[in-house]
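Engineer: Sequence:
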Amino acid sequence: DYTAYGVDYIKKNHGGIAKAKATQEVVNDIATEVTLYGMEQYEDYPTALESHFGGSQRATVLAAASGVTAALATANSNAGLNGWYMSMLLHKEGWSRLGFFGYDLQDQCGSANSMSIRPDEGLLGELRGPNYPNYAMNVGHQGEHAAIGGAAHIARGDAWTLSPLMKITFADPSLKFDFSEVRREFAKGAIREFMPAGERSLII
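Numbering (our numbering), first residue to last: 183 to 386.
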């Protein structure tokens, strides 16, 4: 619902999908509109508030909608990521917190480093993966960041978000981590079923 509202908004105010310029002003406008709409819906419909238990889930839902909408409007994944970060800052300004202790870190530092090409700080959205450092890129963030990167390329009508030639690196069936089922692998780690290989084997 939140993303659909955002798409209607960009059609009315920014010329449609892939028509807006990737500027901070455009990102601020779209992320603000979508985030405020989402917060109003949570306040008007308590069942939505209860379904998305915990501030971190609500923060992620609103930020994902804002980021995807900004990416669709501009056809730019970095604009989408900045929509995500703008939403997080608005959310905290409005409701004082983003969720449980420590969740705030990566979602507040992102605005400052999203233009960095250094992979431990910024990195192009299309190149971020499940082992991306400096983030809790797990079940909570992985799908949403993938959606933001994908939305920019969907808006342009591209055949893919990241060239299959790069993805083939992670397609080796002998790898312990199955990159085709990222969330399942994280879940296996959570219940202590995943066993790594390599330099960490000695400390497990």
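Source of the hints: derived by calculation from the structure; they are not laboratory data.
Every value quoted in this text rests on a predicted model; they were computed, and no experiment measured them.
Don't take each hint at face value.
Calculated cross-link-like contacts (lysine to aspartate or glutamate; reagent style DMTMM-like; alpha-carbon spacing at most 25 angstroms) [what the hints assert, rightly or not]:
1. K203 <-> E326
2. K274 <-> D226
3. K201 <-> E225
4. K274 <-> E225
5. K203 <-> E215
6. K203 <-> D354
7. K201 <-> D190
8. K201 <-> D226
9. K203 <-> E225
10. K201 <-> E232
11. K358 <-> D340
12. K201 <-> D360
13. K194 <-> E207
14. K274 <-> D211
15. K203 <-> D190
16. K193 <-> E232
17. K370 <-> D340
18. K201 <-> D211
19. K194 <-> E222
20. K201 <-> E326
21. K370 <-> D360
22. K274 <-> D340
23. K274 <-> E326
24. K274 <-> E215
25. K274 <-> E207
Estimated spans, in silico, between C-beta atoms of each pair [as the list claims (entries may be wrong)]:
26. D190 <-> L357: 38 to 46 angstroms
27. C291 <-> P378: 37 to 45 angstroms
28. L287 <-> R365: 20 to 28 angstroms
29. A379 <-> K193: 28 to 36 angstroms
30. D360 <-> D226: 39 to 47 angstroms
31. R365 <-> D340: 37 to 45 angstroms
32. D190 <-> E363: 16 to 24 angstroms
33. D360 <-> L306: 32 to 40 angstroms
From the three backbone atoms N, C-alpha and C, an ideal C-beta is built for every residue, glycine too.
Engineer: Regarding the pair K201 and D226, is the alpha-carbon distance no greater than 25 angstroms?
Structural biologist: violated, 32 angstroms
Engineer: Would the pair K274 and E215 pass a check requiring their Cα atoms to be no farther apart than 25 angstroms?
Structural biologist: holds, 15 angstroms
Engineer: Within 25 angstroms, alpha carbon to alpha carbon, are K201 and D190?
Structural biologist: holds, 13 angstroms
Engineer: Taking 25 angstroms as the top limit, are the C-alpha atoms of K274 and E225 close enough?
Structural biologist: This hinted pair holds, its Cα atoms lying about 15 angstroms apart.
Engineer: So does D190 sit 38 to 46 angstroms from L357, Cβ to Cβ?
Structural biologist: Since the Cβ atoms of D190 and L357 sit about 42 angstroms apart, the hinted range of 38 to 46 angstroms holds.
Engineer: State, for the Cβ atoms of C291 and P378, whether the hinted interval 37 to 45 angstroms holds or is violated.
Structural biologist: The hinted range 37 to 45 angstroms is violated for C291 and P378, with Cβ atoms some 27 angstroms apart.
Engineer: Tell me if the straight-line CA distance from K203 to E326 falls inside 25 angstroms.
Structural biologist: holds, 22 angstroms
Engineer: Are the Cα atoms of K274 and E207 separated by 25 angstroms or less?
Structural biologist: The given pair, whose Cα atoms are some 20 angstroms apart, holds under the 25 angstroms limit.
Engineer: Does the Cβ-Cβ separation between A379 and K193 fall within 28 to 36 angstroms?
Structural biologist: At 49 angstroms between Cβs, range violated.
Engineer: Is the straight-line distance between the alpha-carbon of K203 and that of E225 25 angstroms or less?
Structural biologist: violated, 32 angstroms
Engineer: Between K201 and D211, is the straight-line Cα distance small enough, at 25 angstroms or below?
Structural biologist: holds, 15 angstroms
Engineer: Holds or violated: are the alpha carbons of K203 and D190 at most 25 angstroms from each other?
Structural biologist: holds, 17 angstroms
Taken one by one, the earlier hints fail for this structure at numbers 3, 6, 8, 9, 10, 11, 12, 16, 17, 22, 27, 29, 31, 32, 33, listed in ascending order.
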